[in-house]
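Enquirer: If you're matching them up, the sequences are chains A, B and C in order.
12 is the number of the first residue of the first sequence in our numbering; add one for each residue after it.
-18 is the number of the first residue of the second sequence in our numbering; add one for each residue after it.
270 is the number of the first residue of the third sequence in our numbering; add one for each residue after it.
Quick caveat, the hints were computed from the structure, so don't treat them as lab data.
Since the structure is predicted, the reported quantities are computational estimates derived from the model, not experimental observations.
Warning: the hint list may mix true and false statements.
[Stated by the list, open to error] Partial chain A-side listing against chain C, Cβ under 10 Å, derived:
| no. | residue |
| --- | --- |
| 1 | T15 |
| 2 | G19 |
| 3 | R180 |
| 4 | S181 |
| 5 | G187 |
[Unchecked claim] Some residues of chain B that are not near chain A, with every Cβ distance over 12 Å (derived):
| no. | residue |
| --- | --- |
| 6 | I(-7) |
| 7 | F22 |
| 8 | I90 |
| 9 | F132 |
| 10 | V236 |
| 11 | G238 |
| 12 | V253 |
Ideal Cβ placement from N, Cα and C applies to all residues, glycine included.
Given next are the chains, with one letter for each unit.
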Amino acid sequence: MSLTIVSGMLDAFDPPFMQRALIAGLLLAVPLGLIGTWVMLRSLAFFSHAVGVGTFPGVVVGLGVPAIGPVVGALAAAGVLTGAVVGLERDERVRGGAVTGLALSTAMALGAVLLTTTFGLATPVEAILFGSLLAIADADVIRSAVVALVTVVVVGLCAQRLQSATFDRSWSGPAGARPRAVEAVLLGLIAGTVVVALPVVGSLLVSGLLVLPAATARLLITDVFPMLAVSVGLCAAEVVLGLAVARELDAPPGAVICAAAGLVFAAAVLFDRVRPRGRAT
Amino acid sequence: MEWLTDPWSSGIMRRAFAEAIMMGAVTGALGCFVLLRGLAFLGESVAHTLILGVVVAFLLGGPVALGAVGAAALTVALSSALTADQRFSVDVSMGVLLPTFFGLGVTLIALSEGYRSKLEGTLFGAIFAVTNLDLVLAAAAAVLAGATLLFAGKELALVTFDRSMAQAMGYRMRLLDLLLFGVVTVAAVVALRAVGNVLLTAMLLGPALSARLLTRTFWPMVASAAALGTLAGVLGLYWSWSSDVGGGPAIVLVVAGLFAVVAGGRAGATLVR
Amino acid sequence: MSGSVAAIAVERLSVAFGDRLVLEDVSFTVSPGALVGVLGPNGAGKTTLLRALLGEVTADGRLTLAAPVAYVPQVSDVQAAFPIDAQGVVVMGLYPRLGWWRRPSRDDRRRALALLDQVGMADRARSPFGELSGGQRQRVLLARALAQEGRVMLLDEPLSGVDTRSRALMLEVLRQQCAEDRTVLMTTHDLAEAARVCDRMLLLNRRLIAAGTTQEIFTEEVLRRAYGADVLMLDGRVGALDDPHHHTTTERRRWNG
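Based on the provided sequences and hints, a complete structural model is requested.
Expert: Structure follows, in structure tokens:
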């Protein structure tokens, strides 16, 4: 029975568009896993969700104005949202992510309005929000490769700084880790990763792929450096599984991949509860 | 002056206004608690997980509202369980639950026919499709919210501001928390109809945020938030009536605009000083 | 004091947060090999002084410290749930000297183990940091500072809330550092401990109230200048009421989501 499932999955990737989706997905697993680990360890899940959702109006504008294009539009929107959140969340009275929540909701409304009134696009809204198997172009694959490479290099160089800045920020500054610079770089990489992942998973669920594989890895691994690798591996497996099932069900890939990732996480939680208590943390 | 009275001649619009007014007041007032307790991500997550409950209820042929409440309860319970683990913060547990439930919900929707329009309705609301039954439910929610604030408002405010004091005074924290979550969920289910899943957070947070900047004490804040929510609902619908803009998105953009005005006004005032 | 260069030299240091002056015109020098305690009531600016010495806050005045400087923060400042074991924390202390992109070698890990042994934590080397007790965590953070091989070591309330054994081990280590001509400066609100342990004390309350030896500082007049009304007279001896609760505010700020 398992053979039929495997061959069924392999069949799913026959057509060229699925092969592009597969390659893009595997490449994306690299930044998603690497950056996602830090998102999870630094509790940036809500922020990443806001960045993801924030790209929606940018993509709509970019699709409507060919000179801009969806990628630049998404990047610009991600930048605006990052700036707004970082700037506004400084006010003590409105902590707890309220401004972030309002900002992302507003971004959604803005995107919806732009979609219906100004641009009236051919692209259906759920492709932008949840990804689309058919809409992944060669250019998207190339961009994913570039971001994957950049992320590997940067995270490789900064891993020890990130580790100390996250574990003990007050020590890391005087010790020369340059936490502020490293945190700014991380924010940039979050935005970059989100933007290139949009064609496959869409704006509403991209944060899921940053958090879920990393959270799963956290249950299995106790040191941050191997955790980075395991996050990437889990993400890749979940993407492949999700793409195949999405094609089979004719459902948006972002939704299916996140559902798969969620089920894997649930399995890991059960495994963690059941296994002998040796290393709990 | 016709533009003011025109919309009211349409039955659809009258129902939409009624829904918007009730929803705006309820979400505005209750949103103050969400805001002050730092529950923005929880609110956002519940909003998204509701979709799974709604879909499951729909598929099983049960009442949608029950599915929604069930999903909300499940979200709160699971997030509690996850956060109990030292390894996961509240932020991360939401970051796990939201995409999982939302992903499952959207996948299930995709499996049913004509899912595209259903999806858009769930995401952005369908305030112009509001039925009289919806209005009755909204009114019930408003009454429930009002009663809660009337009879338990002081206790809820205390729990929000000074939890340790409330505990010391012998209040049943779990019960009060449950009450708050329950009422907020009811408000969320009402708002679902009006503005949809992904815009719900704006209704909970926007008016409350603006009110926070405008007032100094709690009850004026609650009243202002309710007023601002209602105002946004009405203005948004006028805008939607006179343009192509959808009802839900229009209301949310007005909420955001009001916040921008209030925040900008304050910033300007401090500069002048 | 005998013509040697000061390990720490502070001249007219002032730090303001907004329009509030937290430290005002503080000046002192510390010779190499001294064990200095910085005392003062809550809000006196002890932590701010440390942060200024570390270069983490903007300050007026002149600051000179012998490099490198090793820092031991409060245990509550650290994210205990982070995936790292005790040995990993000590290895972290080697990063500044190795270079932040170089992977530590096996020798480095062995050196970290030896340092853990110095603080009595060698048997818990592979324990996740989050599973250690407060005193054990503090010892591990001290071991990390040892790895930095600083000429100056700054510690933020290292002995508060720490079990007796950890305390004794840590003090032993600190005395050893001083014997090696390294300088140790620690903030504390435990007057009795400071009196027992430190060569010299700085009494801070926004301004430097007094600097000197135990005998010089522990007079009613001097203590009253720093602690105001919280000075007790018992059996002809003075003490000040210190507040052990100031940690609660730091603790409550965890997990803001």
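Enquirer: Determine for every hint whether it applies to the structure shown.
Expert: For each hint, the structure was consulted:
1. Nearest Cβ of chain C to the Cβ of T15/A: about 39 Å, over the 10 Å cut. The hint is violated.
2. This hint is violated: G19/A has a C-beta 37 Å from the nearest C-beta of chain C, more than the 10 Å allowed.
3. Interface restraint check: R180/A against chain C, minimum CB-CB distance 8 Å, threshold 10 Å, status holds.
4. Hint status for S181/A: holds, given a least beta-carbon distance of 5 Å to chain C, under 10 Å.
5. Checking G187/A against chain C: minimum C-beta separation of about 5 Å stays under 10 Å; hint holds.
6. At roughly 18 Å, the least C-beta separation between I(-7)/B and chain A is larger than 12 Å, which holds for a residue marked as non-interface.
7. The beta carbon of F22/B is not kept farther than 12 Å from every beta carbon of chain A, the shortest such distance being approximately 4 Å.
8. For I90/B, the shortest C-beta to C-beta distance to chain A comes to about 8 Å, within the 12 Å cut-off, and the non-interface label is violated.
9. Its beta-carbon lying about 26 Å from the closest one in chain A, F132/B satisfies the requirement of being farther than 12 Å from that chain.
10. Distance to chain A contradicts V236/B as a non-interface residue, since its nearest Cβ pair spans about 8 Å, not more than 12 Å.
11. Chain A draws G238/B into its interface by the beta-carbon criterion, the shortest separation being 9 Å against a cut-off of 12 Å.
12. No Cβ of chain A approaches the Cβ of V253/B within 12 Å, the least distance being about 19 Å, so the stated non-interface status holds.
In the structure shown, a violation is registered for the earlier hints numbered 1, 2, 7, 8, 10, 11, in ascending order.
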